[in-house]
Amino acid sequence: MMPIGHYLLLSLLLLLIGAIGVITRRNVIIVLMSIELILNAVNINLVAFSRYYGDVAGQVFALFIIADAAAEAAVGLGIMIAFFRNRETVLADEMDLLKW
Amino acid sequence: MLDSIVFYFFAGVAVLSALLMVTRRNAIHSAVFLITTLLSTAGIFLQLHAEFLFIAQIILYVGGIMVLFIFVIMLVRLDVPLPQIRSPLRQWTAIFVAFVVFGEGVYIVWKSRLVPGHGLLVLNPYPSDKLPPNTENLAKSLFSFYLLPFEIASVLLLVAMIGAVVMGKKRANTP
Numbered sequence: 082m083m084p085i086g087h088y089l090l091l092s093l094l095l096l097l098i099g100a101i102g103v104i105t106r107r108n109v110i111i112v113l114m115s116i117e118l119i120l121n122a123v124n125i126n127l128v129a130f131s132r133y134y135g136d137v138a139g140q141v142f143a144l145f146i147i148a149d150a151a152a153e154a155a156v157g158l159g160i161m162i163a164f165f166r167n168r169e170t171v172l173a174d175e176m177d178l179l180k181w
Numbered sequence: 256m257l258d259s260i261v262f263y264f265f266a267g268v269a270v271l272s273a274l275l276m277v278t279r280r281n282a283i284h285s286a287v288f289l290i291t292t293l294l295s296t297a298g299i300f301l302q303l304h305a306e307f308l309f310i311a312q313i314i315l316y317v318g319g320i321m322v323l324f325i326f327v328i329m330l331v332r333l334d335v336p337l338p339q340i341r342s343p344l345r346q347w348t349a350i351f352v353a354f355v356v357f358g359e360g361v362y363i364v365w366k367s368r369l370v371p372g373h374g375l376l377v378l379n380p381y382p383s384d385k386l387p388p389n390t391e392n393l394a395k396s397l398f399s400f401y402l403l404p405f406e407i408a409s410v411l412l413l414v415a416m417i418g419a420v421v422m423g424k425k426r427a428n429t430p
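Protein sequence lines, in the order shown, are assigned to chains A and B.
82 is the number of the first residue of the first sequence in this note's numbering; add one for each residue after it.
256 is the number of the first residue of the second sequence in this note's numbering; add one for each residue after it.
Honestly, I wouldn't trust all of these hints.
Below are the DSS-like pairs computed for lysine-lysine, each with C-alpha atoms no more than 30 Å apart in a straight line [unchecked claim]: (1) B:K425 <-> A:K180; (2) B:K385 <-> A:K180; (3) B:K395 <-> B:K385.
These are calculated hints, taken from the structure and not from any lab test.
On a predicted model such as this, the values are computed, not experimentally measured, just so you know.
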């Protein structure tokens, strides 16, 4: 069996790649996909600890995180569609209506 | 031995396709690489004896959320020829910070071997032949101790669904 540290480092690596995507990409859809990647990285962490301590609670929380990710994707993409209808763009640095 | 081969295979595929997901210019390519990452994560769940989450990951993430993403990518115009990175300074700062944080993570995992019996590299896993049936155990926990969070999650999904419908609806008075 693998040491649990390897799972934690894999999860950290995926989380950081997702964070780089959120910070650097201009396209809002790819930013939302990077957020999905971050949520997924957290799930690896929870399931690994659930396995190592023989406690199912971590998997229950991973299930809740999947439900949250679905809700977040639905609302985020709804906002994107509404924004694209008004402004004809999906680039993050052109969304500056509230900034001056 | 077989366990570690399976883990390193899925971990390598996950990290590689996550990197490609963040760097590709075309959003459809990004979506396909994200699907590969999510499937490899599902493989890691299976290797961790979380069979229910394995199938939930495939059905919900890959079958539901990513299909939604690909629909939206096809609905909007994406300006692929434009530069996709916000600014080089921001990019290099993000990469530097990510390297520093990953180094800290490696240091913490390495140092944790000093904790007797509980270090992150020597912690003994729960014996796999004593694990209860995964789906049954998960259901018992979810519908007894975690019943209230489960109901709240269903309300959250209802609110998100109504919100998405309201956002997507075309207003009658806008030109």
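Practice task
Return the numbers of the hints above that this structure violates; sort them in rising order.
Solution key: 2
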